[in-house]
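Asker: Sequence:
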Amino acid sequence: MDSQFVAQVCRYIRAKDGHKPHLMDHVFSHNATLEMKVSTANVSFPPIVSGLPNITETLVRDFHTLYENVYTICLTDTLQQDNTSLNCRWLVGMTEKSSGLSRVGYGDYQWIFEAPDSNLVSRLTIVIDNMIVLSFTDQAAVMSWLEALSYPWSSSSDVLAAMPHITLLNDVRDHLIN
Numbered sequence: 317m318d319s320q321f322v323a324q325v326c327r328y329i330r331a332k333d334g335h336k337p338h339l340m341d342h343v344f345s346h347n348a349t350l351e352m353k354v355s356t357a358n359v360s361f362p363p364i365v366s367g368l369p370n371i372t373e374t375l376v377r378d379f380h381t382l383y384e385n386v387y388t389i390c391l392t393d394t395l396q397q398d399n400t401s402l403n404c405r406w407l408v409g410m411t412e413k414s415s416g417l418s419r420v421g422y423g424d425y426q427w428i429f430e431a432p433d434s435n436l437v438s439r440l441t442i443v444i445d446n447m448i449v450l451s452f453t454d455q456a457a458v459m460s461w462l463e464a465l466s467y468p469w470s471s472s473s474d475v476l477a478a479m480p481h482i483t484l485l486n487d488v489r490d491h492l493i494n
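If you're matching positions, the sequence shown starts at 317 in the working numbering and goes up one per residue.
Please note: incorrect hints may appear among the correct ones.
Quick list of simulated restraints, FRET-style, between CB atoms [what the hints assert, rightly or not]:
#1 Ala-478 / Thr-453: 15 to 25 Å
#2 Ser-451 / Leu-476: 19 to 29 Å
#3 Lys-353 / Leu-436: 21 to 31 Å
#4 Glu-412 / His-491: 17 to 27 Å
#5 Ala-478 / Pro-362: 12 to 22 Å
Calculated lysine-lysine pairs in the BS3-like style (CA-CA distance at most 27 Å, straight line) [to be verified]:
#6 Lys-413 / Lys-336
#7 Lys-353 / Lys-413
#8 Lys-336 / Lys-353
Since the hints were derived computationally from the structure, they do not count as laboratory data. For every residue, glycine included, the Cβ atom is placed at its ideal position computed from N, Cα and C.
Required output: the full structure, derived from the provided sequences and hints.
Answerer: Below, the structure written as structure tokens:
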């Protein structure tokens, strides 16, 4: 396991979740590409974003105009790595700034790094399989669950063991089991 690649994923999550755009300069190459494959109507992103400034705008600045209390968890038991790539499943939880509603989503990260001697990302594909919008009454349980997890890396079994019993999260539960 290349600890530099894992550290870059952690740095990206700190930048995105914590609204720290300055960290993106240390994650992505200047000419990097972001591809978004979204399979849900509950969130939208442009399908392709080119260049570090535009990626930073999309994933940090624009994202934080809509969402807060963001927790992204990468699933350690899904981590796959080779010379210049790292793939893993992820889970995210957050609240909408405008409504206070909680959202929980999941998908895949597919990271491509520059040559093996560089840890900058040249391409990131984010697959969003689902984004569930929960009721306002579920917010405390969802935020407590996410806060209790090991951040930003946790196992699927730990995520499942701590997951609150909210019917709308059954899709997430089924996805983590399979």
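Asker: None of the hints should be skipped; say for each whether it holds.
Answerer: Hint check results:
no.	hint	result
1	Ala-478 / Thr-453: 15 to 25 Å	holds, 19 Å
2	Ser-451 / Leu-476: 19 to 29 Å	holds, 21 Å
3	Lys-353 / Leu-436: 21 to 31 Å	holds, 22 Å
4	Glu-412 / His-491: 17 to 27 Å	holds, 22 Å
5	Ala-478 / Pro-362: 12 to 22 Å	violated, 33 Å
6	Lys-413 / Lys-336	holds, 18 Å
7	Lys-353 / Lys-413	holds, 24 Å
8	Lys-336 / Lys-353	holds, 24 Å
Checked against the numbered hints given earlier, the structure breaks only hint 5 and satisfies all the rest.
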